[in-house]
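So the protein lines, in turn, are chains D and S.
Positions 1 to 140 (the numbering used here) are the ones given, in order, by the first sequence.
Positions 1001 to 1280 (the numbering used here) are the ones given, in order, by the second sequence.
Treat each hint with caution, since some may be false.
Calculated pairs, BS3-like style, for lysine-lysine (alpha carbon to alpha carbon, straight line, at most 27 Å) [said to hold, decoys possible]:
(1) S:Lys1185 / S:Lys1256
(2) S:Lys1185 / S:Lys1218
(3) S:Lys1256 / S:Lys1218
(4) D:Lys24 / S:Lys1218
(5) D:Lys105 / S:Lys1218
(6) D:Lys105 / S:Lys1185
(7) S:Lys1185 / S:Lys1160
(8) S:Lys1160 / S:Lys1256
(9) D:Lys24 / D:Lys105
Derived from the structure by calculation, the hints contain no laboratory data.
Model, not experiment: these values are computed from the prediction.
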Amino acid sequence: MTSVPVGSDPVQEVGIVASGDVVKARQIIRTLAQQSRLSLVDQTKLVTAASELARNTVVYGGGGTMRACVARDGAKVGVWVQFTDQGQGIPDLELALTDGWSSGKGMGLGLSGARRLVDEFDLRSAAGEGTTVTVVKWVR
Amino acid sequence: MAGADMAQRLVQLLTDQRDAFVEQWVDTVVRSLRGRITEAELRRELTELYGAVLEALASGGLAPRAEHFAEVRSLLVELSRNRARQGFSPTETAISVFSLKEVLEPVLSGENDDIRAYLQFSRLLDDLGLFTVEEHGRTREEIISVQAEQLLELSTPVVKLWDGVVGVPLVGTLDSARTQVVMEKLLQSLIDSNSTHAIIDITGVPAVDTQVAQHLLKTVVAARMMGAECTISGIRPQIAQTIVTLGIEFGDIPTKATLSDALRHALAQRAAAGQAGGLL
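One chain only, chain D, in its complex shape (with noise of 0.2 Å):
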């Protein structure tokens, strides 16, 4: 699920760089959520999901990209969203997903809470090497 499924719709690619990219993020997403038709809650889900990967992204990644589409997979269909960013990378992925733990400023519940509103989670990251957050939400 790190690369984007057979079939899927075309992949549009911003950069996320500045807090004013985290707001362009969740509209395209938004948008996304809409065209395959997800659920108002499952919209809200995913949306909020992006922003915090969005905001992570900007804040301890530095910045990166967003690349996203509507995936479909067989009868499936959901968003795929990737955010890739070249900054200093995790060194422990457990303890940045536990609840409550943040390495900066903030609540701790942003990239946990992301992997509960989202139907499929993948963090790839090595101290050093940057970070790719892909997730998907299927249309139930």
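Using the hints provided, position chain S relative to the given structure of chain D.
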């Protein structure tokens, strides 16, 4: 022909037919701007600019970013700023500079020296044209940032809902800058209106993520420190589910689905406490 000679030749050409050139230049530009600026104003601008270019050429040659072009550049800054404010596009702004080329073109004698001088001059105008575009962009950005600030002020009204109860209807994205404004305004209005209750309504906030929640919590804590009670209203079903899944806890802060619920809650609390007065 050396650079200095070329500049001399240009100066001579531009001086000899000064009035005719300016006239033609104004004509060309006026046509491109289609009457959205008066001819008299344009004539004043371009005559001044023409004079400045001529002077710069005479005094120091063809390097457009050099010291002796300072006067020209400052005129161009003014021109671009005016155009940007009046809503002209970058192309329409730059054309004021570029069309001077067209004016000069027909008078070329066809001699190599003349053509070389013209090419140099055209390069100079290219550079000045780009400068106006840059300046145009900068002005637009300034305008946008001023508007963003005004919007920030506009979009965070604090309204008095009842005796002792103020409301803050939030609409749009809640980032750090806006929360700061909201917090300041809310705390000040608690004092100004002598209120004991504040209701923050987030019906118009499209997504509540951890940052938004954190900002809200801080605002509530600040209001509590002043002795006021805060209620958060406008929690729609999808927002409630998302907040729970995210794992955010609002603790003992009362939250309500609608503004009217929140108002009823605030009034009941005031009645229970027998509060007729306010904070002060």
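Status of each hint after checking the structure:
1. S:Lys1185 / S:Lys1256: The hint holds at about 22 Å.
2. S:Lys1185 / S:Lys1218: Judged against 27 Å, a Cα distance of about 14 Å means the pair holds.
3. S:Lys1256 / S:Lys1218: holds, 18 Å
4. D:Lys24 / S:Lys1218: Distance ~25 Å between Lys24 (chain D) and Lys1218 (chain S) Cα, so the pair holds.
5. D:Lys105 / S:Lys1218: holds, 13 Å
6. D:Lys105 / S:Lys1185: holds, 24 Å
7. S:Lys1185 / S:Lys1160: Holds, at about 12 Å.
8. S:Lys1160 / S:Lys1256: holds, 18 Å
9. D:Lys24 / D:Lys105: holds, 23 Å
Checked against the numbered hints listed earlier, the structure breaks none of them; every hint is satisfied.
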